[in-house]
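S.K.: Top line first, the protein sequences correspond to chains A and B. Numbering-wise (numbering that gives the first Met the number 0), the first sequence opens with residue 0 and increments by one. Numbering-wise (numbering that gives the first Met the number 0), the second sequence opens with residue 0 and increments by one.
If you're looking for bench data, these hints aren't it; they were derived computationally from the structure. Computed from a prediction, not measured in an experiment: that's the story for all the values here. Think of the CB as a built atom: it goes at the ideal place given N, C-alpha and C, for glycine as much as any other residue. Be aware that a few hints might be false.
[As the list claims (entries may be wrong)] Reference excerpt, derived from the structure (chain B facing chain A, CB under 7 Å, subset only):
#1 GLY27
#2 HIS28
#3 VAL29
#4 GLY72
#5 ILE74
#6 ALA79
#7 SER90
#8 ASN94
#9 GLY102
#10 SER106
#11 MET107
#12 PHE108
#13 GLY111
#14 ILE113
#15 LYS123
#16 THR130
[Unchecked claim] Heads up, simulated DSS-like pairs for lysine-lysine below, C-alpha to C-alpha not over 25 Å straight-line:
#17 B:LYS6 / B:LYS60
#18 A:LYS88 / B:LYS58
#19 B:LYS101 / B:LYS59
#20 A:LYS88 / B:LYS60
#21 A:LYS88 / B:LYS6
#22 B:LYS6 / B:LYS58
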Amino acid sequence: MMMKRVLTLVLFLSLFGLLAHNVMEMPGKFTVDAPAYNDTTQHYLDNAPSETGAINVVGAILADYRAFDTLGETIVLFTSIVAVASILKVTDKKTREESHDE
Amino acid sequence: MNDIIVKTVARILIPFIQLYGIFIMLHGHVSPGGGFAGGAMIGTSFVLYTLVFGIDKSKKKFSERVSEYAESGGILLYIALGLIGIIMAGSFLTNIDAGFPKGTPGSMFSGGMIPLLMIGIGIKVASTFITLFHTLIEEEEA
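Extracted from the complex, chain A is given alone in its bound form (with noise of 0.2 Å):
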């Protein structure tokens, strides 16, 4: 029992390590190397009108560059809905009358 618990601190401990270590070699938020502040904004905003012919850049990465992932975002309302309905909605009558009378 004894060896199990040091065990699990351990292993526990080392992922912990493992973690820091990583985020201690994440570039800062400000500097420019960071991931973010790479030329793909600068593209975007320079090609966006050319490349797509929607002048509203926003709309263009949303619908155009972007369109899978707001496709994903369609399917969470979908999915939503679903779930939504399946636990409220009764739509057999006799499923209603049965859980009224409880």
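Dock chain B against the given chain A, drawing on the hints supplied.
M.R.: For chain B alone, coordinates are given in the frame of chain A:
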């Protein structure tokens, strides 16, 4: 709610809210807005209708059958447009390379498939709003 002032104001206001929602939805590629914002406006106009005129009248305007078709129709329109991209250009949801007309940037008819996608998203968001509200209201009354 049985108040004549609220009923009259809502009756005048709702068409304008819906018109503005459609405007925002169709101009997603020209001005700020898009399918999500426009769909939310149309959805909330129906929520207002339900609050003022009651669930039974609202059910006649937007029945469960309509909501079923709108729910799946919006998403199917989106996927169908993506499949056109696969057939014409080889990758999912291709816009200009798949042969959608680019138009003049800044005009109403521009941006290839972006307005069509926005319409799909708008239908989906609006019907999600309405269906959620109707389901919750019904649950309270049952």
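S.K.: Look at each hint and say if it fits the structure.
M.R.: Status of the hints after comparison with the structure:
At about 5 Å, the closest approach between the beta carbon of GLY27 of chain B and any beta carbon in chain A falls short of 7 Å, and the interface hint on this residue holds. Evaluation of the HIS28 of chain B hint against chain A yields a held restraint, the C-beta minimum of about 4 Å falling below 7 Å. For VAL29 of chain B, the interface hint holds, the least distance from its beta-carbon to any beta-carbon of chain A being 6 Å, beneath 7 Å. Hint on GLY72 of chain B is violated. Least Cβ distance to chain A is approximately 11 Å, over the 7 Å limit.
For the restraint placing ILE74 of chain B at the interface with chain A, the shortest Cβ-Cβ distance is roughly 5 Å, inside the 7 Å limit, so the hint holds. Hint on ALA79 of chain B is violated. Least Cβ distance to chain A is approximately 12 Å, over the 7 Å limit. At a threshold of 7 Å, the smallest CB-CB gap from SER90 of chain B to chain A is about 10 Å, leaving the interface hint violated. With a cut of 7 Å, the hint placing ASN94 of chain B at the interface with chain A holds, because the nearest CB-to-CB distance is about 5 Å.
Here the hint on GLY102 of chain B is kept, as its CB sits about 5 Å from the closest CB of chain A, short of 7 Å. The beta carbon of SER106 of chain B comes no nearer than 9 Å to any beta carbon in chain A, farther than 7 Å, and the hint placing it at the interface is violated. A distance limit of 7 Å between C-beta atoms decides the matter here; for MET107 of chain B the minimum to chain A is near 11 Å, and the interface restraint is violated. The beta carbon of PHE108 of chain B comes no nearer than 9 Å to any beta carbon in chain A, farther than 7 Å, and the hint placing it at the interface is violated.
Hint on GLY111 of chain B holds. Least Cβ distance to chain A is approximately 6 Å, under the 7 Å limit. Checking ILE113 of chain B against chain A: minimum C-beta separation of about 4 Å stays under 7 Å; hint holds. About 5 Å separates the beta-carbon of LYS123 of chain B from the nearest beta-carbon of chain A, less than 7 Å, and the hint is met. Of the supplied interface hints, the one on THR130 of chain B holds, with its beta-carbon coming within about 6 Å of a beta-carbon of chain A, less than 7 Å.
With a CA separation close to 16 Å, the supplied pair LYS6 of chain B and LYS60 of chain B stays within the 25 Å bound. For a cut-off of 25 Å, the pair hint linking LYS88 of chain A to LYS58 of chain B stands: about 15 Å separates their Cα positions. Between LYS101 of chain B and LYS59 of chain B the CA atoms are separated by roughly 40 Å; this puts the pair beyond 25 Å, and the hint is violated. Proposed proximity of LYS88 of chain A and LYS60 of chain B is supported: the alpha carbons are some 19 Å apart, at most 25 Å.
Straight-line distance between C-alpha atoms of LYS88 of chain A and LYS6 of chain B comes to about 29 Å, which puts the hinted pair past the 25 Å bound. Simply put, LYS6 of chain B and LYS58 of chain B have alpha-carbon atoms about 17 Å apart, close enough for the 25 Å limit, and the pair holds.
The structure is inconsistent with the numbered hints 4, 6, 7, 10, 11, 12, 19 and 21, although it conforms to all the rest.
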